Amino acid sequence: MRKMMVAVWMMITGTCLAQQIDLKSLDQFAAKAKSKTEINMDESMVKSASDFLNQGKKDEAAVKQSVKDLKGFFLRSYEFDKNGPFKFRLEDLKPILDQIKGPNWTSFLRNQEDDEQTEILFHRTNGQIDGLLLVAAEPGEITVINAVGITRLEDLSALGEFGKLAGQSQNKSAPNVPPGTTAPKPEGQKNDDN
Amino acid sequence: MNQIERDLREALRRREAPPGFAERVLAKTRQPEARGHWGHSWVWLAAAALVLLMIGSIGVVREQRRQAEGERAKEQLMVGLRITGAKLRDVQDRLATIQQRALQRSEQ
Chain L
1 MRKMMVAVWM MITGTCLAQQ IDLKSLDQFA AKAKSKTEIN MDESMVKSAS DFLNQGKKDE
61 AAVKQSVKDL KGFFLRSYEF DKNGPFKFRL EDLKPILDQI KGPNWTSFLR NQEDDEQTEI
121 LFHRTNGQID GLLLVAAEPG EITVINAVGI TRLEDLSALG EFGKLAGQSQ NKSAPNVPPG
181 TTAPKPEGQK NDDN
Chain W
195 MNQIERDLRE ALRRREAPPG FAERVLAKTR QPEARGHWGH SWVWLAAAAL VLLMIGSIGV
255 VREQRRQAEG ERAKEQLMVG LRITGAKLRD VQDRLATIQQ RALQRSEQ
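In order, the protein sequences belong to chains L and W.
With my numbering, letter number 16 in the first sequence gets 16, and the count goes up by one each step, no holes.
With my numbering, letter number 70 in the second sequence gets 264, and the count goes up by one each step, no holes.
Among the clues, some could well be false.
[To be verified] Between beta-carbon pairs, the in silico distance windows are:
#1 Thr151/L to Ala290/W: 20 to 30 angstroms
#2 Gln55/L to Ala262/W: 15 to 25 angstroms
#3 Ile249/W to Glu79/L: 42 to 52 angstroms
#4 Arg276/W to Lys82/L: 16 to 26 angstroms
#5 Asn83/L to Ile249/W: 58 to 68 angstroms
[Said to hold, decoys possible] Where chain W lies over chain L, by a calculated footprint (3+ residues, C-beta under 8 angstroms):
#6 34 to 46
#7 66 to 80
No lab work stands behind these hints: they were computed from the structure.
Only a predicted model underlies this, so the values are computations on that prediction, with no experimental measurement involved.
Think of the CB as a built atom: it goes at the ideal place given N, C-alpha and C, for glycine as much as any other residue.
Taking the hints into account, I'd like the entire structure generated from these sequences.
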């Protein structure tokens, strides 16, 4: 019985941890960045922050709605001097992208143009979305956002018009994405490039 | 018997205590006891008040810290979501541009 409980606990923790991406590989860019934003919020911090959001204020009420299922929020955003000696390369993202090769990660959007790359992926557990990873890289800037626990894509609507696009994915139909951009695979179908 | 001896004898002569002396002495001995009892209570009361004050202060400090941490976490979350929103809008703008370019190409 105890072994079974340990196994169940390990499965649960494993699932939770799977949605969280290790962003340590980006730490090396912090020293080279002109400006940086680093946010590490676990579930208790998100809850604490949510408790302080004022329902009476429109923007805060929208955020409260967006984060009601959020269990972790991790962000790294580095801006580099475009004329400086350091040039960010897409290969530098490899340690991050290697972590999303598992079958639970579904590519929602991938766009690569010249030296710019944008990726949005969703983590699914038993077919249900429960995590988001956004990677946006361009020569002078890199942003990686990992939101653990996002279950309803409509919640993203509070963050911008993008919610409309996300809503189409929730309905399991391919979003209207332009050529050169990969659309998400249907639920349960493993991503070819994962 | 010289004068000194006479004076001593006179001084040490047994005398009866004035009436009510014993009661007064006993009453005096009781008084400090009563004052001590009250004094003891005040010490305990002061100690209890001090403990309550300390507990209250700790509570206030903890609440202030919780408030500060909560406000800080809220600010962090708001900044994070603002960046997320901005990035998602960038993505959508980029998609719209690509789509427009594709449409123009197909029209040509």
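Tested hints:
Checked against the given bound of 20 to 30 angstroms, the beta carbons of Thr151/L and Ala290/W, roughly 27 angstroms apart, stay inside it. Against the hinted window of 15 to 25 angstroms, the Cβ-Cβ separation of Gln55/L and Ala262/W comes to about 21 angstroms, which satisfies the hint. At about 48 angstroms, the CB distance of Ile249/W to Glu79/L agrees with the hint of 42 to 52 angstroms. In this structure the hint that Arg276/W and Lys82/L lie 16 to 26 angstroms apart at CB holds, the actual value being about 23 angstroms.
Range check, Asn83/L to Ile249/W: Cβ separation about 59 angstroms, and the 58 to 68 angstroms hint holds. Against chain W, the region 34 to 46 of chain L contributes 5 residues with a C-beta closer than 8 angstroms to a partner C-beta. That satisfies the three-residue criterion, and the hint holds. Counting residues of the region 66 to 80 of chain L whose beta carbon lies closer than 8 angstroms to any beta carbon of chain W gives 5, which reaches the threshold of three, so the coverage claim holds.
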